[in-house]
Each structure stands twice: as C-alpha cells, then as structure tokens.
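In order, the protein sequences belong to chains E and P.
For what it's worth, UniProt numbering labels the leading residue of the first sequence as 1, then goes sequentially.
For what it's worth, UniProt numbering labels the leading residue of the second sequence as 1, then goes sequentially.
Calculated from the structure, these hints are not laboratory results.
Remember, predicted model here, so these are calculated numbers, not experimental data.
In this text, a Cβ means the ideal position worked out from N, Cα and C, and glycines have one as well.
Please note that the accuracy of each hint is not assured.
[Unchecked claim] The following label-pair restraints were derived from C-beta to C-beta distances:
no., chain 1, residue 1, chain 2, residue 2, range
1, P, Ile113, E, Trp178, 41 to 47 Å
2, P, Trp198, E, Pro108, 17 to 23 Å
3, E, Ser53, P, Asp185, 17 to 23 Å
4, P, Leu282, E, Glu119, 48 to 54 Å
5, P, Ile113, E, Asp19, 30 to 36 Å
6, E, Trp178, P, Phe286, 48 to 54 Å
7, E, Glu52, P, Leu137, 53 to 59 Å
8, E, Ser293, P, Gly108, 47 to 53 Å
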Amino acid sequence: MAIQVSGITKRFNDFTALDSVDLEVRSGELLALLGPSGSGKTTLLRIMAGLESPDAGGLLLNGEEALGLKPRDRQVGFVFQHYALFRHMTVFDNVAFGLKVRPRGQRPSSAEIRRRVTELLDLVQLSPFAGRYPAQLSGGQRQRVALARALAIEPKVLLLDEPFGALDAKVRKELRRWLRKLHEDIHVTSVFVTHDQEEALELADRVVVMNQGRIEQIGSPAEVYDHPASAFVYEFLGQVNRLDCTVEGGIAHIGDGALAIATDGGVQGRAVAYVRPHDLGVTPAVGGPARISGIHVVGPDARIDIDLAGLALEAEMDRERLATLGIVAGDRCAVHIDRARVFAR
Amino acid sequence: MPADTITSTSTNIAVPPVRSVLSEPGWVRFLLIAGALLFLALFLLLPLVAVFAEALRHGFDAYWAALTEPDAVAAIELTLIVAVISVPANLLFGVAASWCVAKFDFRGKNLLITLIDLPFSVSPVISGLIYVLLFGLNGLFGAYLRDMGIQIIFAVPGLVLATIFVTFPFVARELIPLMQEQGSDEEEAALVLGASGWQTFWRVTIPNIKWGLLYGVLLCNARAMGEFGAVSVVSGHIRGETNTMPLHVEILYNEYNFVAAFAVASLLAMLALVTLVVKTALEWRFGEELAATRH
C-alpha cells in the first residue's frame with residue numbers, strides 16, 4: 001500500500017473541507033479523486049503532499065507515518081494546477097531544481113544532473129526546449145515540464161492537481177492518453193484530482209468520488225458508472241434522468257402512475273428514481289402516453305426529449321436506431337425503462 | 001495602420017474617407033502633444049536647467065569650491081551615511097512586510113497594509129515631530145536617554161529614524177502587489193521538490209521579485225537622500241554635524257549664497273537623473289526578462 005489515509009478531517013473556519021476521510025492507494029495504481037469544486041479533493045491531495053496539515057487523522061506513506069514530515073522529506077512529486085513553474089528559470093533548470101537543492105552529500109554531480117535532466121526531457125518529449133523559459137511554452141508543454149520536474153526527484157508517489165484543467169479540449173485529450181501511457185511505462189503510484197468525470201473514467205485504475213468532504217464511492221471506472229452507490233454519484237457521473245416517484249410494495253410509480261418500475265431495494269414511500277438516457281426505451285405508438293418534443297443529433301448519437309404527462313425525460317440512442325424507429329418531433333410514443341436505481345428521498 | 005487601409009480603399013470607391021474611431025483630428029492631436037511638451041518643459045526641464053545654470057553662474061571653479069568646502073563635504077557624507085543605513089533597513093523591512101502580507105492570511109492584515117501606507121499620508125513634518133516628542137529632551141523617553149548619555153534628536157540616530165519612517169513604504173508598496181499576483185505556488189513547488197525555506201527564499205522568491213525590489217530600492221534611496229521635512233525637524237541644523245544635503249541647501253539659500261546652494265542642489269538633481277537613467281537602462285536591458293517574471 002503506497003498511501004493510507006485514515007480519519008483525516010480538515011476545517012477552514014466554519015467550512016469542513018474533509019470529514020473523517022479514509023482511503024487506501026495501492027502501489028503502482030493511477031487513482032482519480034473526482035468531485036465537484038468544494039468537495040475536498042484538492043485539500044486531500046495537498047495534505048498528502050504536506051502542503052496542508054489536517055486537524056485530525058493519520059497518514060502513512062509507504063508504511064511510514066508522514067504527518068510529522070515536512071513536504072521536502074516526503075518524497076512526493078506534485079504537479080500544480082497552474083504548473084507553478086519557476087518563471088525565471090529555463091526548462092532545464094526547472095527540471096534540475098529538485099536535484100540541485102539536495103544537501104551536499106546527497107546531491108548528484110553536475111554531470112549526473114545533466115544526464116538525468118536530459119533523460120527526463122526526452123521522456124516528456126521536450127529536449128529541444130531545454131533552454132526556453134516557461135513563458136515561451138504552450139500550456140501542454142508547460143504541463144509536461146511540470147511533470148518532468150516532479151519526476152526528477154524520483155518520487156515514491158506522484159500527486160497531480162487538476163493536471164489538465166487549464167488546457168483546451170484537444171490538447172487535454174492528447175495529454176490524457178500520453179499520461180496514461182507514461183504511467184504504464186514508469187508505474188509510479190499516482191493520484192490525480194479532477195472534476196471532469198470523463199477524464200477520471202478514461203484515465204484511472206480506480207475512481208474515488210467525493211462530495212462535501214466525504215467519499216461517496218470508491219471503485220473501478222466501470223463499477224462507479226454502472227453501480228453508483230448513492231444518488232450523488234448517479235447524478236455526478238454521466239447524464240441521468242431524475243424522476244420523483246412513490247414506491248409501494250416494490251413498485252415505483254412515476255408521474256402520477258404514467259410509468260411503473262420494479263425496484264430491487266427495500267425503499268418505501270417517497271423516492272427518486274435515476275435512469276440513464278440510454279436505458280430509456282422509446283417505441284412509436286399512435287395515441288401513446290408520451291410525446292417526442294425534440295430530437296438533437298450530436299455526432300453519431302441522437303438525444304431525444306420526451307414529454308410524458310408534463311414530465312421532461314431524455315433518451316439517447318445511436319442514429320441508426322433512430323432511423324429504424326422512424327420517429328420525428330411531435331410524434332406520440334410509449335416509453336419503457338430498461339434499468340433504474342431508486343433512492344429514498 | 002488599419003485607418004490607412006480603410007481610407008485608401010474607401011477613396012477608391014468614391015465615398016467620403018472613414019476615420020478610425022480611435023484617431024483624433026490632426027489639430028486636436030497637435031494641441032494635446034504641444035500642451036504636454038510645453039508643460040514638461042516649463043515644470044520639469046526649465047527648473048533642472050535653472051539649477052545647473054545658477055550653480056555654474058560664476059564658473060566651474062566656484063562650483064567646485066562650493067562642493068569641496070568642509071560644511072558641504074560634511075553634509076554630503078552625512079546624507080550618504082543616512083542613506084546607507086536607512087535604505088538597507090527598509091529593504092529588509094519591506095521584503096519582510098510584503099512577504100508577510102502576500103503569502104499569509106492573518107487577522108489585522110488590512111490594518112498592517114494601512115500602517116505601511118501611513119508615512120505617505122502623514123506630513124513629513126509630523127513624522128519628524130513624532131520623534132522629537134518621543135526622544136527629545138522633554139519627550140517620553142527624554143529623561144531616560146539623557147541619563148544613559150544617548151542622544152537621538154539633533155543627532156545622526158534621529159536623522160536615520162526619521163528617514164526610515166518617511167521612506168518605509170517604497171519597497172513594500174512596490175513588492176506587495178507583485179508578490180500577491182505571483183501567489184505562493186512556486187514556493188510550494190520548491191518546498192515539495194526538497195528545497196529548504198532558505199533555499200526557496202533565495203532561489204525562488206528573490207529572483208521573482210528582484211526587479212520590483214530594485215525599483216523600490218532606487219526610489220527609496222532617492223527619497224532618503226532628498227528628504228527635507230522630517231529630517232529638518234529632528235536635525236537641529238548644526239552645520240557640519242547634523243546637516244544633510246537638502247538642509248544645507250536651505251541654509252545656504254537663506255544666507256543668499258546662491259551659487260553654493262545651487263551647487264549642492266545640482267548634486268541632488270543629478271541623483272534624480274541617475275536614478276531615472278538607471279531605471280530606464282534596466283528596463284531596456286532586461287525588458288524581456290522583466291516581462292517574463294510578470295507573465
């Protein structure tokens with residue numbers, strides 16, 4: 001186990017940023033801390049790095065008690081959201097910094113430093129830019145310098161705060177793939193913070209979903225997406241229809257009885273049913289209970305707005321299926337739900 | 001440039017020329033520029049020329065004699081001593097105060113910022129008087145200081161104290177906005193990378209603020225050497241002992257010794273010119289780096 005967080009609590013005045021959080025990060029994995037802003041994910045990351053100290057709780061790094069250690073003694077690599085490159089130093093000097101500031105006994109020779117920095121710049125494909133200043137680089141390049149700088153001290157753990165947050169969509173996607181590949185090559189235990197669910201699901205081995213200073217769910221990307229543990233996770237991950245309903249004897253009645261679904265849990269009374277748009281089926285039916293209020297084609301998929309007795313629903317299907325059904329806006333239709341999760345209200 | 005292209009294309013199709021919204025009619029531009037230049041010449045250039053003209057009225061020998069006369073030399077020395085003590089002191093205080101304000105959050109921060117500005121908002125004469133009231137013979141600590149045989153007012157320590165007070169905001173004012181804008185990300189990065197607090201300060205913080213710091217020090221120095229009001233109150237105007245250059249100028253002037261007064265004044269004017277030249281040269285030489293550190 002690379003990192004063990006137990007009962008970490010952190011308050012800023014009246015605001016509870018972290019509320020008794022427990023978390024284990026396995027050696028060599030790439031873990032995502034996913035949550036909306038204010039969920040405490042960055043605070044947790046900063047506590048791991050020693051940039052914040054918790055009000056209560058414990059932290060083990062590679063089995064060693066770490067809370068008493070200063071950031072410099074924790075051997076973690078930290079990539080800041082806005083990179084925090086040293087603006088007055090060249091790319092080379094930025095990457096070399098962690099080696100140059102070591103105490104005399106542990107400092108590598110300058111030839112050795114040069115060799116290691118060159119190697120790292122090769123790794124992040126920035127060798128031609130060694131002499132440039134951060135201001136002369138693009139966002140994606142700065143990000144890679146920040147990564148190389150963090151890796152230079154051979155950290156046992158790599159922590160990344162919103163690593164792609166400040167980049168435009170295309171660069172973000174490329175860099176994501178590249179980071180995934182880099183992680184497969186060097187296999188350093190990594191934790192990254194993000195508010196972008198797509199990023200977390202695509203990149204991470206495991207995803208930790210956080211909300212209001214607590215962990216809502218920990219699991220593989222497929223687990224958290226297919227089996228959300230709470231209403232929050234359902235709403236936060238992907239598109240979802242949120243339907244008020246009443247459950248009686250295992251059957252959830254939605255929209256004054258216009259729809260009924262069998263539930264699996266022991267929920268009774270007022271509840272909320274969550275249905276993913278692609279789990280909502282549409283069949284054309286003359287005189288059916290619902291009406292197609294709009295169809296939006298987005299790339300290969302189609303989003304269908306449905307009005308069911310005043311209830312707005314959203315369904316999703318590919319364009320081929322839409323063509324087979326032959327529905328257009330204004331048609332009457334029937335709606336069925338393939339899969340839903342019901343949570344008590 | 002856009003204005004030109006627009007006019008030329010529009011004349012081709014025989015419509016009245018369209019003027020860019022941002023350019024004024026020629027005569028307005030002429031009036032504004034001429035007004036600014038005239039003002040500059042009248043209020044800045046003319047006095048400067050007058051200082052040197054008066055100083056050299058009786059030739060260079062008289063000028064040189066006025067500068068090398070013992071009281072003048074003593075005044076120049078004293079001014080340098082005061083600057084040499086108060087500028088580094090304010091460099092230290094300024095960096096410490098800006099560091100404090102920019103990198104940490106604490107109760108009373110706004111009060112501290114207001115206090116730093118205080119010397120700018122208070123009349124220099126009052127600044128001097130404060131020290132007389134505190135350390136003068138009839139002041140708060142007067143009796144105690146007399147018993148200990150320490151003289152502050154009408155002596156070098158008083159001059160230094162008053163100068164430090166008056167010039168306190170220069171370095172801090174220059175650095176606080178700069179450091180606030182830069183934030184503490186880079187310091188945090190350095191600490192995580194294994195740097196000690198001291199290494200972080202010297203290798204990250206100082207290089208990032210060096211130009212702002214230099215500006216602050218230049219301005220602080222110019223004021224420290226040129227300060228009149230506060231220093232005048234605590235000095236006692238003892239010739240050859242507690243007279244700084246600005247005070248010496250006043251005494252000479254009051255004695256109708258114009259050549260000598262303007263000779264010493266010309267030194268102060270030169271100090272101002274050198275300050276400006278150094279500042280401009282730095283901006284010109286290191287402009288690119290300056291832009292880089294300010295992002």
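What are the numbers of the hints the structure violates, in ascending order?
-> Numbers 4, 6, 8, in rising order.
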